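Make the full structure from the sequences, and use the hints.
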Amino acid sequence: MSTKEQKERIELLQGTLDLLILRTLQLGPMHGHAIAKAIEFRSDEVLQVEQGSLYPALHRLIKRGWISVEAGTSENNRRAKFYGLTAKGRRQLLVETGKWEKLAGAIAQILQPASPEEQ
Amino acid sequence: MRRRKRMLEALDADIREHIDFETQDNIDRGMSPEEARYAALRKFGNLLQVKEQTREVWSIAWLEQLVQDVRFGVRTLVRSPGLTVAAILAIALGIGVNVGIFSVLNGMVLRLLPVPHAGDMLSVNQILHYPGRGDRSIHNNSGWFSYSEYLDYRDHNHVFAGLVAYEPYVDATLAGGNPNPLIGTAASCNYFDVLAEFPTHGRGLIDSDCASRGGSAVIVLSDELWRNRFAADPSILGKKIVLNRTAYTVIGIARPGFAGTEPIPSAFWVPVTMQEALEPGSNRIADDNMSWLAMMGRKRSDVAFEEVRADLSVIAGRIDQRHPGRTTSLAINTARFLSSPEERQFVIPVASVVLGAFALVLLIACANVSNLLLARASVRQREIALRLSIGAGRWRLVRQLLTESLLLALAGGALGSAIACWSFTRLMQFVTAHLPSDFPPLALNVAPNMNVLLYAFVLTLITGVVFGLIPALRSSRADLHSSMCRDGGLSGSGNRGGKFVLNTLAGFQVALCTVLLLATGLLLRGLYYAQTVDPGFEIKGVSTMFLNLGRQGYNQQQAAVFMNRFRERLRNIPGVTQVGQAECAPLSHDFSAGEFTLPGQTGTFGIEYNHVSSDYFSLLGIPIVRGRGFLPEERHDAPGVIVTESTARKIWPGQDPLGKELRELSGRQYTVIGVAKDAQVAHLGRANTNYLYFPSGTEDDSRSYVLVRYESSFNGIQGRIRDEARAIDPNIAINVTRLEDYLEVWRAPSRIVAALSGALGLLALLLCSIGVFGMVSYSVSRSVREIGIRMALGASGVSVMRHVLWQALRPVLIGAVVGIALSGAISGVLSSMMFGLGTRDPIAFICVPLFLLMVASISILVPARRATQVDPVVALRSE
Numbered sequence: 001m002s003t004k005e006q007k008e009r010i011e012l013l014q015g016t017l018d019l020l021i022l023r024t025l026q027l028g029p030m031h032g033h034a035i036a037k038a039i040e041f042r043s044d045e046v047l048q049v050e051q052g053s054l055y056p057a058l059h060r061l062i063k064r065g066w067i068s069v070e071a072g073t074s075e076n077n078r079r080a081k082f083y084g085l086t087a088k089g090r091r092q093l094l095v096e097t098g099k100w101e102k103l104a105g106a107i108a109q110i111l112q113p114a115s116p117e118e119q
Numbered sequence: 120m121r122r123r124k125r126m127l128e129a130l131d132a133d134i135r136e137h138i139d140f141e142t143q144d145n146i147d148r149g150m151s152p153e154e155a156r157y158a159a160l161r162k163f164g165n166l167l168q169v170k171e172q173t174r175e176v177w178s179i180a181w182l183e184q185l186v187q188d189v190r191f192g193v194r195t196l197v198r199s200p201g202l203t204v205a206a207i208l209a210i211a212l213g214i215g216v217n218v219g220i221f222s223v224l225n226g227m228v229l230r231l232l233p234v235p236h237a238g239d240m241l242s243v244n245q246i247l248h249y250p251g252r253g254d255r256s257i258h259n260n261s262g263w264f265s266y267s268e269y270l271d272y273r274d275h276n277h278v279f280a281g282l283v284a285y286e287p288y289v290d291a292t293l294a295g296g297n298p299n300p301l302i303g304t305a306a307s308c309n310y311f312d313v314l315a316e317f318p319t320h321g322r323g324l325i326d327s328d329c330a331s332r333g334g335s336a337v338i339v340l341s342d343e344l345w346r347n348r349f350a351a352d353p354s355i356l357g358k359k360i361v362l363n364r365t366a367y368t369v370i371g372i373a374r375p376g377f378a379g380t381e382p383i384p385s386a387f388w389v390p391v392t393m394q395e396a397l398e399p400g401s402n403r404i405a406d407d408n409m410s411w412l413a414m415m416g417r418k419r420s421d422v423a424f425e426e427v428r429a430d431l432s433v434i435a436g437r438i439d440q441r442h443p444g445r446t447t448s449l450a451i452n453t454a455r456f457l458s459s460p461e462e463r464q465f466v467i468p469v470a471s472v473v474l475g476a477f478a479l480v481l482l483i484a485c486a487n488v489s490n491l492l493l494a495r496a497s498v499r500q501r502e503i504a505l506r507l508s509i510g511a512g513r514w515r516l517v518r519q520l521l522t523e524s525l526l527l528a529l530a531g532g533a534l535g536s537a538i539a540c541w542s543f544t545r546l547m548q549f550v551t552a553h554l555p556s557d558f559p560p561l562a563l564n565v566a567p568n569m570n571v572l573l574y575a576f577v578l579t580l581i582t583g584v585v586f587g588l589i590p591a592l593r594s595s596r597a598d599l600h601s602s603m604c605r606d607g608g609l610s611g612s613g614n615r616g617g618k619f620v621l622n623t624l625a626g627f628q629v630a631l632c633t634v635l636l637l638a639t640g641l642l643l644r645g646l647y648y649a650q651t652v653d654p655g656f657e658i659k660g661v662s663t664m665f666l667n668l669g670r671q672g673y674n675q676q677q678a679a680v681f682m683n684r685f686r687e688r689l690r691n692i693p694g695v696t697q698v699g700q701a702e703c704a705p706l707s708h709d710f711s712a713g714e715f716t717l718p719g720q721t722g723t724f725g726i727e728y729n730h731v732s733s734d735y736f737s738l739l740g741i742p743i744v745r746g747r748g749f750l751p752e753e754r755h756d757a758p759g760v761i762v763t764e765s766t767a768r769k770i771w772p773g774q775d776p777l778g779k780e781l782r783e784l785s786g787r788q789y790t791v792i793g794v795a796k797d798a799q800v801a802h803l804g805r806a807n808t809n810y811l812y813f814p815s816g817t818e819d820d821s822r823s824y825v826l827v828r829y830e831s832s833f834n835g836i837q838g839r840i841r842d843e844a845r846a847i848d849p850n851i852a853i854n855v856t857r858l859e860d861y862l863e864v865w866r867a868p869s870r871i872v873a874a875l876s877g878a879l880g881l882l883a884l885l886l887c888s889i890g891v892f893g894m895v896s897y898s899v900s901r902s903v904r905e906i907g908i909r910m911a912l913g914a915s916g917v918s919v920m921r922h923v924l925w926q927a928l929r930p931v932l933i934g935a936v937v938g939i940a941l942s943g944a945i946s947g948v949l950s951s952m953m954f955g956l957g958t959r960d961p962i963a964f965i966c967v968p969l970f971l972l973m974v975a976s977i978s979i980l981v982p983a984r985r986a987t988q989v990d991p992v993v994a995l996r997s998e
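Chains as they are written, first to last, in my numbering: chain V, 1 to 119; chain W, 120 to 998.
If you are wondering where the hints come from, they were derived from the structure by calculation, not from laboratory data. Any given hint could be a false lead.
Within a straight-line C-alpha distance of at most 20 Å, the following computed EDC-like cross-link-like pairs (lysine to aspartate or glutamate) qualify [stated by the list, open to error]:
hint, chain 1, residue 1, chain 2, residue 2
1, V, K37, W, D147
2, W, K659, W, D797
3, V, K81, W, E136
4, W, K796, W, E657
5, V, K81, W, E128
6, W, K162, V, E45
7, W, K779, W, D756
8, V, K63, W, E171
9, W, K124, V, E70
10, V, K99, V, D18
11, W, K659, W, D421
12, V, K63, W, E175
13, W, K162, W, D147
14, V, K37, W, D139
15, W, K170, W, D131
16, V, K63, W, E183
17, W, K170, V, D18
18, W, K162, V, D44
19, V, K81, W, D144
20, V, K81, W, E863
21, W, K162, V, D18
22, V, K63, W, D756
23, V, K63, W, E128
24, V, K37, W, D144
25, V, K37, W, E136
26, W, K162, V, E50
27, W, K162, V, E40
28, V, K81, W, D139
29, W, K170, V, E50
Keep in mind it's a predicted model, so treat the numbers as computed, not measured.
So, in structure tokens, the structure goes:
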């Protein structure tokens, strides 16, 4: 791991992992490893997911009824569990996305005036 | 729950799969298989933590942890059985006595009445306010009502399904057989219907029984009276029995176990309209301005409590308009034994003092168990340090340790409560069976109910937290480095804070113990004083009997005739030297008092008084120091009075009291004709209350004490006196006792409290010496190395002993001093409640602490001897 790489990678904010999982599953059911890969890939590898933390999050979402789970076979013909969005999860994704945009917007607004001076 | 199991079962496989995928990816990127697997694992993170966190998603975490804690706690406790048993016993003792005493108080003031749907029964009391002095007559209780007031409330309220009024504690003598007085009730005729207490035989009172005053002489008997006096004869129904010289038809027998709604069981019920027949000479029914009827209503179930208050207040306001200047406020409570404000005012402070004393014992037990746990915590320091160092949160550890102490508390509490509930029911039976014979029986139900169980449970939880918190907080703050490296801090010096806590707890126990023992000591001294006190009159060789002829159905004229003949017959008994009569016998707990003024002055004096016959003074050996005594021909309305010396000094300081005038508030005027020496006739231990004597006359015959001085044996005289009384009226109820027996009544409260606090004090002492013993043996075992070094450096056994003794004695001494200071404060409160308790009694204040120190020294010396037997070689090698 180079120093540059470390600087650019960002630890996930608490609670945002749920949102990312929901968004990722919007593309269709996936197994656990694929979800982790997709998050890293789609963020140009900036977001560093400790892959293990995926599982408590997945189970949390199952318990809330936002995602469902079924058995299937992976691309290389191995048996794996596939997680998919439920209707409830789809609605929740909209709500969570809205919330996140509000939050991000608010934080950006606060940071904006400071940015030019610092650069 | 099943879904949870299914989800978690697959978790391991899912994770393994995930890592396989990642490994494969890494291999595809050109890593060696081994490297690829490591990278995959690293990327995955802490496997155990992930599993744990996932499991937590599905679990009710706290419940699981609780189960875990309980399991672990039980294992730990079972592993050290000695400590566990000691702790459980200490707690059982502490909680047991507390639950026991609470169940007694519960029976007295908290239990609902023993009638169906007792929660709807409300007791109504009134408090009357007057701008100046009220003119209200009071019989029994100032919160009660007159008959006309009762009728107003009964007929105009909209909230009660029924409202009853009754006069409890009516004395009556049953003709034929044993003439001991019965205590019964004059009740409104809806009494049985409203209470929903339907007699098992015959019927209860019905409205027509109360239709006219004195018109319906019917009676319902209690089951107990029916069995004891009438041999449970069912044919008694419809027959007549004679009570207080009036014949009543028996119409019913109450349900077994129903004995009215007062703590003293009622033997019978008659219509309230029969009051005058039952108590000749006092027509209370006609008196609109007399408090004599207790009121109790059954609330309609659709009515709220506040509506009751509002509705009754309207009626109270209407009644107030008939009595200008008077305002009434109502006190409405769920009906219980002792539910009137007047009774509660007395019971609640007494109950809190008693509960406080018992709580002290529990506190000592708590301090004791705390000490035990702290001592053990030092042994467990390694375990705890280990758990802290591998990442257990402090809160988690505290919770674990508290769970252990709660387990201990629950076990002790359950054991203690079980024993208390079992033994106090029997204890009460024993106590009530052994009360003095003239003591009224108490209908007290001390059997446990929800209140008691709840109290026991809450007390147990509080106990668990109280004794567990300090050890838990302390031991979870372990200094990781030192406790892991050194051998649990055997040197002792490393744990100064721990020692301080131990010492404080021991000192605390000693202080509480001192308080309890000192209270006992003061009471015992008070009893001793009461035994030896000179009351200022000759108490021995005098027989006394109380004759309330008015309550036995005599009118005043009949009473005068009876008394005249009775006195005559008494004088003729051989061995009797003098016969006297008084309104209140000395120390009989019977007082009369009035307000007096001096002519030409506005201030008033409260003076206790007595109406006495002319031979009263010579019979009791009270000298007349100035002027003269009463003459036999001086009667009730004679203007001459006799005052006591101290009264004369207070009212006319420096003047000759003879010939001085006194005026009663009613306007009657008296002249002082004599001065009697002070005597403790009204209150034992107090000779200087304002006191004056009036001459007695036939007006006093319907209620008076007869005093007889005798020279032969009391037993012979007692029988003769009774026979003489029965020769005049075979149905007379008479109880002949010795005058000195009245002293018992004054001593009884002190004796009961002394026994109680003595028993508690000894319990406390036992707990306390175990506590001190534990503290010393613990600190000796902790400082074995230190002692070894001292001895290796040449210290003698004696000097080591002195060191250990001083270390242990210091907290004991501090505790004792604190305890003495506390007792000084508390004894002030106690002395106002009990006779003869000297607040600054030097003997008690010296002897009790000395005794305590002696016991403490023994419990120190035994373990301390071990310190001198330390072999320095062994001690230093034990590192």
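Okay, the hints, checked on the actual structure:
Proposed proximity of K37 of chain V and D147 of chain W is supported: the alpha carbons are some 14 Å apart, at most 20 Å. For the given pair, K659 of chain W sits about 18 Å from D797 of chain W by alpha-carbon distance, which is consistent with the 20 Å threshold. Annotation: proposed proximity of K81 of chain V to E136 of chain W holds, straight-line Cα distance about 9 Å (limit 20 Å). Of the supplied pair hints, the one linking K796 of chain W and E657 of chain W holds, its CA atoms being roughly 13 Å apart against a limit of 20 Å.
At roughly 13 Å between alpha-carbon atoms, K81 of chain V and E128 of chain W fall within 20 Å of each other, so this suggested pair holds. As the CA atoms of K162 of chain W and E45 of chain V are separated by approximately 13 Å, the hinted pair is consistent with the 20 Å bound. Between K779 of chain W and D756 of chain W the alpha-carbon distance is near 18 Å, which keeps this suggested pair within the 20 Å criterion. Using a Cα cut-off of 20 Å, the hinted pair K63 of chain V and E171 of chain W holds, with the two alpha carbons roughly 16 Å apart.
Between K124 of chain W and E70 of chain V the alpha-carbon distance is near 16 Å, which keeps this suggested pair within the 20 Å criterion. At roughly 13 Å between alpha-carbon atoms, K99 of chain V and D18 of chain V fall within 20 Å of each other, so this suggested pair holds. For a cut-off of 20 Å, the pair hint linking K659 of chain W to D421 of chain W is broken: about 63 Å separates their Cα positions. Proposed proximity of K63 of chain V and E175 of chain W is supported: the alpha carbons are some 12 Å apart, at most 20 Å.
A C-alpha spacing of about 16 Å is found between K162 of chain W and D147 of chain W, which places the hinted pair at or below 20 Å, so the restraint holds. At roughly 14 Å between alpha-carbon atoms, K37 of chain V and D139 of chain W fall within 20 Å of each other, so this suggested pair holds. A C-alpha spacing of about 8 Å is found between K170 of chain W and D131 of chain W, which places the hinted pair at or below 20 Å, so the restraint holds. Of the supplied pair hints, the one linking K63 of chain V and E183 of chain W holds, its CA atoms being roughly 18 Å apart against a limit of 20 Å.
At most 20 Å may separate the alpha-carbon atoms for a hinted pair to count; K170 of chain W and D18 of chain V meet this at roughly 18 Å. Taking the CA atoms of K162 of chain W and D44 of chain V, the gap is about 17 Å. The hint holds against a cut of 20 Å. In summary, the hint linking K81 of chain V to D144 of chain W is supported, as the alpha carbons are separated by about 18 Å, within the 20 Å threshold. Only pairs whose Cα atoms come within 20 Å are accepted, and K81 of chain V paired with E863 of chain W is rejected, the gap being roughly 89 Å.
For the proposed pair K162 of chain W and D18 of chain V, the alpha carbon gap of about 19 Å is at most 20 Å, so the pair holds. About 96 Å separates the Cα atoms of K63 of chain V and D756 of chain W, which puts this hinted pair outside 20 Å; it is violated. With a C-alpha separation of about 15 Å, the suggested pairing of K63 of chain V with E128 of chain W holds against the 20 Å cut-off. Restraint check for K37 of chain V and D144 of chain W: satisfied, since their Cα atoms lie roughly 10 Å apart, inside the 20 Å limit.
A hinted pair counts as satisfied when its Cα atoms are at most 20 Å apart, and K37 of chain V with E136 of chain W qualifies at roughly 14 Å. For the hint linking K162 of chain W to E50 of chain V, the alpha-carbon distance of about 6 Å falls within 20 Å, and the restraint holds. In summary, the hint linking K162 of chain W to E40 of chain V is supported, as the alpha carbons are separated by about 12 Å, within the 20 Å threshold. Pair hint K81 of chain V plus D139 of chain W holds up; C-alpha atoms about 14 Å apart against a cutoff of 20 Å.
At roughly 14 Å between alpha-carbon atoms, K170 of chain W and E50 of chain V fall within 20 Å of each other, so this suggested pair holds.
Going down the numbered hints, you'll see the structure goes against 11, 20 and 22, while the others check out.
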